[in-house]
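Asker: Same order as they appear, the protein sequences are chains A and B.
Counted the way my numbering counts, the first sequence spans residues 40 to 153.
Counted the way my numbering counts, the second sequence spans residues 199 to 310.
To be clear, the hints were calculated from the coordinates, so they are not data collected in a lab.
Below are the DSSO-like pairs computed for lysine-lysine, each with C-alpha atoms no more than 27 Å apart in a straight line: (1) A:Lys96 x A:Lys50; (2) B:Lys248 x B:Lys224; (3) A:Lys96 x B:Lys248; (4) B:Lys224 x A:Lys96; (5) B:Lys257 x B:Lys309; (6) A:Lys50 x B:Lys235.
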Amino acid sequence: DTGVSQNPRHKITKRGQNVTFRCDPISEHNRLYWYRQTLGQGPEFLTYFQNEAQLEKSRLLSDRFSAERPKGSFSTLEIQRTEQGDSAMYLCASSLEGSFYGYTFGSGTRLTVV
Amino acid sequence: QQPVQSPQAVILREGEDAVINCSSSKALYSVHWYRQKHGEAPVFLMILLKGGEQKGHEKISASFNEKKQQSSLYLTASQLSYSGTYFCGTEEDNNAGNMLTFGGGTRLMVKP
Numbered sequence: 040d041t042g043v044s045q046n047p048r049h050k051i052t053k054r055g056q057n058v059t060f061r062c063d064p065i066s067e068h069n070r071l072y073w074y075r076q077t078l079g080q081g082p083e084f085l086t087y088f089q090n091e092a093q094l095e096k097s098r099l100l101s102d103r104f105s106a107e108r109p110k111g112s113f114s115t116l117e118i119q120r121t122e123q124g125d126s127a128m129y130l131c132a133s134s135l136e137g138s139f140y141g142y143t144f145g146s147g148t149r150l151t152v153v
Numbered sequence: 199q200q201p202v203q204s205p206q207a208v209i210l211r212e213g214e215d216a217v218i219n220c221s222s223s224k225a226l227y228s229v230h231w232y233r234q235k236h237g238e239a240p241v242f243l244m245i246l247l248k249g250g251e252q253k254g255h256e257k258i259s260a261s262f263n264e265k266k267q268q269s270s271l272y273l274t275a276s277q278l279s280y281s282g283t284y285f286c287g288t289e290e291d292n293n294a295g296n297m298l299t300f301g302g303g304t305r306l307m308v309k310p
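In isolation and in its complexed conformation, chain A is listed as follows (with noise of 0.2 Å):
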C-alpha cells in the first residue's frame, strides 16, 4: 500500500472559482477525514466519514464546501465559490476503526485562490 493520495499537490484557482479534489486513502481503513492546515497553524477539522457516510461536518464549514465519499472508497472534496480565505493546505487522513495506530495523512493539496 502506497499510504494516503492527495491529487492535486497545487491548485491556484481565480475567486469564485469551483475546486474540486480528491484523496485515496489507504484501502484497508474504513474512515476518512479531511482536515484544512494555515500557516503556523495545527489541522483544522472539516468533516469525516465513516464508509460512505459523513457522520460529522465542523460547525465553521460553510454550505459552499461539500464532500463525498462515494462507495466508502475515495473522496472529494469540493469547494463552490472559492474566496481569499479559503487558501490553506487541505489534508485528507485515514484511520482504521479500532486501530492503535492513529491517523495516516496525505501530503495535501494546497490551494491559493487569486
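Got chain A sorted already, so can you dock chain B onto it with the hints?
Answerer: This is chain B only, laid out in the frame that chain A set:
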C-alpha cells in the same frame, strides 16, 4: 475548542531533553501526538488512551493525566531528526467517533 499546547517553540542542542504539554478543557477519551516537518504531512507518533493504554514509538514517551485532561510528550536525548512541529490531537469522551481536534503546535528545533 482546540487543546492548548506549550511551549509554542523550543530550541535544543543535540542530546538535550524536552517536554511538550497539551491541555484540554474537555473530557478526553484519547490523546494523539504527531510530528510535522516543513512541507510534509503530519506523522503519527503515539496514542494515549483513557485508562492508561498507550502505543507509539520506542524512543518517545508520553503521559496522560485523565483528571486534569493533560498530556505531556517527552523527547529524551534529542536528535537532529526530532526537529519539526509537534501537534497533539484530542478525541473527546462523548462517543463522537475518533475525530481529532488539534492544538496549535510546538515548534522544536534541534541544533548540532
